[in-house]
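2 protein chains.
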Amino acid sequence: MSNLHPDLLQRLHAAVGDAGLVSDSEAKAPYETDWLKKWTGRSSIVVRPADTAQTAAVMRICHETHTPVVTQGGNTGMSGGATPDSSGAQVVLSTVRMNAIRAVDPLNNTLTCEAGVLLANIQAAAQAAERFFPLSLGAEGSCTIGGNLATNAGGIAVLRYGNTRELALGLEVVLPDGRVWNGLRALRKDNTGYDLRDLFIGSEGTLGVITAAVLKLHPRPVARATAWVGARDIDALVGLLAQLRATCGERLVAFEMMSAESLALILAHVSDVRAPLAGEHAFHALIELADTQDDGLAALLEGGLGDALEQDVVQDVAVSVSGAQTQAFWKIREGISQAQMRAGKAVKHDIALPISAIAAFAHEAEAALRVAQPDVRIINFGHLGDGNLHYNVLLPLDTTPEVLAATTAQFNRIVHDIVAAANGSISAEHGVGQLRRDELRHYKSEVEFDLMMRIKQSLDPNQIMNPGKLI
Amino acid sequence: MSNLHPDLLQRLHAAVGDAGLVSDSEAKAPYETDWLKKWTGRSSIVVRPADTAQTAAVMRICHETHTPVVTQGGNTGMSGGATPDSSGAQVVLSTVRMNAIRAVDPLNNTLTCEAGVLLANIQAAAQAAERFFPLSLGAEGSCTIGGNLATNAGGIAVLRYGNTRELALGLEVVLPDGRVWNGLRALRKDNTGYDLRDLFIGSEGTLGVITAAVLKLHPRPVARATAWVGARDIDALVGLLAQLRATCGERLVAFEMMSAESLALILAHVSDVRAPLAGEHAFHALIELADTQDDGLAALLEGGLGDALEQDVVQDVAVSVSGAQTQAFWKIREGISQAQMRAGKAVKHDIALPISAIAAFAHEAEAALRVAQPDVRIINFGHLGDGNLHYNVLLPLDTTPEVLAATTAQFNRIVHDIVAAANGSISAEHGVGQLRRDELRHYKSEVEFDLMMRIKQSLDPNQIMNPGKLI
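In order, the protein sequences belong to chains A and B.
Mind the numbering: the first sequence is residues 1 to 471 in full-length UniProt numbering, read in order.
Mind the numbering: the second sequence is residues 1 to 471 in full-length UniProt numbering, read in order.
Isolated chain A, as found in the complex:
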C-alpha cells in the first residue's frame, strides 16, 4: 500500500491513471533496491508517467505538496543515485514508459528519443539508419538513455567519442515546479545563453527530470583492428598510448588496461577465457582501432605495435586475426566484474587522473596501501585512454559487512587523498549518488560546493529533487 496522503494519491491518480501508479508493496519492491542490492529504501508510491505532460503534472503536484521525488530509469546505476531513502516519504518517478524514439535524422546525424528508451535500442536505431551511436557500457541492454544522461555515463568509447555529455545536443526537462523546458535543439552551434543542457546532464536527478533528448550520431565504422599487448609497467603503456594517438588519430577507439593480478583473477574465475599471450607481463592492454575505411587499418595497428616491440616499449603483442579472437579479447576485459564478484569482496574506486600522472599514482597508491595492509590484493584495471582507473582492492569472500565497511572507508581515504593531491577525480564515470556523497563533501572545495548549492537552490528551491544524493 501507498504511504501517501489520500488527497495526494488521488491527485497523482488523476495525473497518470491506473497504468501510471504502482502502490502495492510487492510491486514497488524492484524500484526500491538497486540492481547491486547495495541500497534499499522505501517509496511512498511509484509513478510511471506515459509522457512529458504526465511527468509535468506529477511534478506540479509534488512541487505544491513539497513531496520529494527520486527519478529512476533502468535502475542499473553503480552509486545508489536512483534508490529512495528509508523514510518512505519519497516518490519514485520511473521513466520507463516514456520509451519512444521520436525521430531519426540521418542528414543531420541526430536521433531524438524519450528518456526511457534502452541504450541498446538507440544503438540499434542508429544502426538501422546506417549511423552509429557510440555510447556503450555493460548495462546497455537494460539502462535507459535518461539515466545515462542524468549520470553523464562513460563506458568503453569515451577515448574517441567522449562521455554522454558529448553525445547530446538537446534536452527536454521537466523542472521541479512542473514547467517544461524545451531545449530539444538539434544544432552543432548555438550561442544563445547559458548552457542549461550540460547543467542538467550529470546532475543525477537533483535539478529536474530529463524526459527526452537529441543525440548525436556518428559515421558508422566498417572496419576494426584489435590487439592485446603485454608490458613491464604502466609507464610503458602510457607511452604506447601517446604513440598510437599520434599515428592513428581518431581511429584509436579503445585502450583498456589491466594488471597481471586482474588478468589472473579473470582467468581463474571466468569460464571460456584463456591467456591472450604466452608469457608473463606486469601490465596488459586491449587496443582497438576503428575506421570508416578498411584499407590499411590492420597494417596501421601492426606497424605501430611492431615499432613499440622493436623499441622495447612492449614485450609481446597479439593482433587479432579473426572476429572470434577479437571477441575473445573483449570477453577477458568484460569478465573483470564477474571475476571480482566471484573471488571476493571489492573495495572499489572509480578515479580519473591526468594520463601523465597515472604511473606515479599507481606506484604511490600501492605503496600506501601496502603500509596499511602488507598483503593487499590490488585489482588495477580501467580505461587508460581516458585516465580512468577502477583501482579496486579485493578482500576475502567471507569478509563481514562491518569489516568491508571499515576497510572501504580506510582505503578510500588512502586512495582518494593521493587522487586529490594529483588534481584527479574521485568519481570518474559512475557518479556520486549515495555512494560517494560524503567523499565528495570531503574533497570538493568550499567555493565549488557553494556554487553547486546556489544553483541547486535557484532551480529547486523546495529541495524536492532526489534529496540525499550527490549534493
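Honestly, the hints are just simulated from the structure, not real lab data.
Some hints here could point you the wrong way.
Which copy is meant is left open, so a pair is good if it fits within one copy or across any two.
Below, in silico cross-link-like pairs of lysine to any residue (SDA-like), each with a Cα-Cα straight-line distance of 25 Å or less [unchecked claim]:
#, residue 1, residue 2
1, K456, P467
2, K348, A268
3, K456, D177
4, K37, R437
5, K444, P461
6, K444, S458
7, K444, A29
8, K37, G88
9, K444, T52
10, K444, A53
11, K331, A19
Based on these hints, arrange chain B on the given structure of chain A.
What follows is chain B alone, placed relative to chain A:
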C-alpha cells in the same frame, strides 16, 4: 581621467599598481570601442591585472562597491559583448597581461594557460609539442583564449573538433565576489557534481572572469586534401556532406559553402583570387580532409567526389594538387568579409539549423525577403558542416545608418522567424552581446529565460558582471 570615486581609485591602485591601471581618456579609448567600430562606450577606468590574485582583488573591490565590470580580452568580438556602455560607470577589466602558458602536457594532451594568451600563441605552443589545438578563426592573431571561452567561439574546425566548449577540460574563474573557483582539472572523465565549467563557457562575462583554462590537444594532422566543388543547389551539397561523412569519417574537417552571389562578390572585390571552377554553379563548397596518415587521403577525396560527379550530385570538382592551390581556395573563402565590407552595408545573420533543414530554410528565407524587397542581394555562405549560415543581405554602400538600422530590424525579423520555426539558433557562433540581446529576449522561451535569470541571480546577486549584455 577616471570617473571613479577617489577612494575606489585608491583601492584599485593598491590592488594592481601603476602598470595595472589605465585612467587617461586617450589611453582608455581603445578599450571603449570594439574593433568593428560598431559600439562605443565610456569606462570609468581600465584595470589590467597581472594575475589571478590581482583579478580577485579587483573583483572583491567591485563587489563591495557594487561597481559594474566588463571583462575584455583581445576586443575582437562580433557582438559588442566586451564594450562598456555609455554610462561611464563601468570598469573594463582587461585580461591581456595574464598571458602565460602555464604548462603543456603532451602525454595527457593538454595545455594550461591564462586567459590573455593569444589564440595563435596556443596553436604555436601545441605545434611545438607535436600536438594540435584545432580552434581556428579569422581573429586568431589578436583574439585571446579567454574571449574564445567566454563566447564559446566556433570557427572553421567545428565540424570535426567542436566549438571552444568541446576543447576545454578545466577553468579557473574569479567569481563576482572575488573568490576564486579552481576548476583547472585536466581530466577526460569527472562526474563529481554540476558542470560549472560549461556554465561559465559561453556566458559572455556575465557570471565571472575566466582567468585560466586547461585545453585539450589533439593529434597533429600530417596530411590534408582539399577540393572545390560546384553544385546546382544546397540540397545537393547537403547530400554530398552526408556521403563524405559516411566514407571519410573524422577525416572530414571542413565543409564550407557559398552561393554564386557570394563567390562573385569575392572575385569582384578581393585581389589575387580567381574562379576555382570554369563554369557557373549556383552553389559552391570548399571541402577539406585531414589525417594523421598520408596514405590514400587524396585518393579518398577524389574517389568520393568522383562518385558524386558520376551520380550528378555535383557538377564540377577541382581537387587541389599543390599547397599553393589549397591556399588559393582558402583565400577565396576568407575573402568574404572583406568583399562584403567593400561592396556595401550588410544586414548580418549568424544562424544555425539542423543540416537537414538548411535547404528548406534557404528557399523560404529567399522568398520571404524577396516579398519585402524584390531586388534583395542575398550573400549566403557559411559552415554547412555545422549547419551554420552567415545568411547576409547586402545594401548599397551609401545606405544611411537610419535605413541600415530599419532594414536590419525588418530583415532580422523575417529571417529569425523562419529560423525559430525550424528550431534553429539566431546566434550560432558570434554570441549575443549587445547585438542580439533584444532578439534573444524576443525568441527565447519564457521558461528558458527564467532559468537563465535564476542562475544569473544566484551567481551574481549584485548584478555587476557585464550588465547590458546577453541577459
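- Query: Using 25 Å as the alpha-carbon threshold, which applies to K348 and A268: within, between, both, or neither?
  - Reply: within (20 Å within a copy, 67 Å between copies)
- Task: Could you place K456 and D177 in one of the four classes (within, between, both, neither) given a Cα distance threshold of 25 Å?
- Result: Both. Shortest intra-copy (13 Å) and inter-copy (19 Å) distances satisfy the 25 Å Cα cut-off.
- Task: Using 25 Å as the alpha carbon limit, work out where K331 and A19 are close: within a copy, between copies, both or neither.
- Result: Classified as neither; 40 Å inside a copy, 63 Å across copies.
- Message: For K444 and T52, with the copy left unspecified, which applies at a CA distance of at most 25 Å: within, between, both, or neither?
- Response: between (34 Å within a copy, 20 Å between copies)
- Query: Which holds for K444 with A53 at a C-alpha limit of 25 Å: within a copy, between copies, both or neither?
  - Reply: between (37 Å within a copy, 21 Å between copies)
- Query: What label fits K444 with P461 when the C-alpha limit is 25 Å: within, between, both, or neither?
  - Reply: Both, since 22 Å and 23 Å are each at most 25 Å.
- Taking 25 Å as the upper bound on the Cα-Cα distance, should K37 and R437 be classified as within, between, both, or neither? within (18 Å within a copy, 51 Å between copies)
- Item | Intra- versus inter-copy proximity for A29 and K444 (alpha-carbon distance at most 25 Å) | For K444 and A29, the Cα distance exceeds 25 Å both inside one copy (34 Å) and across copies (42 Å).
- Query: When no copy is named, should K37 and G88 be tagged within, between, both, or neither for a Cα gap of at most 25 Å?
  - Reply: within (18 Å within a copy, 63 Å between copies)
- Message: Please sort K456 with P467 into within, between, both or neither, judging by C-alpha distance up to 25 Å.
- Response: Answer is both; intra-copy 11 Å and inter-copy 24 Å each pass.
- Checking K444 and S458: alpha-carbon separation at most 25 Å within a copy, between copies, both or neither? Cα proximity of K444 and S458: in one copy and across copies (20 Å, 19 Å).
When each numbered hint is compared with the structure, violations occur for hints 7 and 11.
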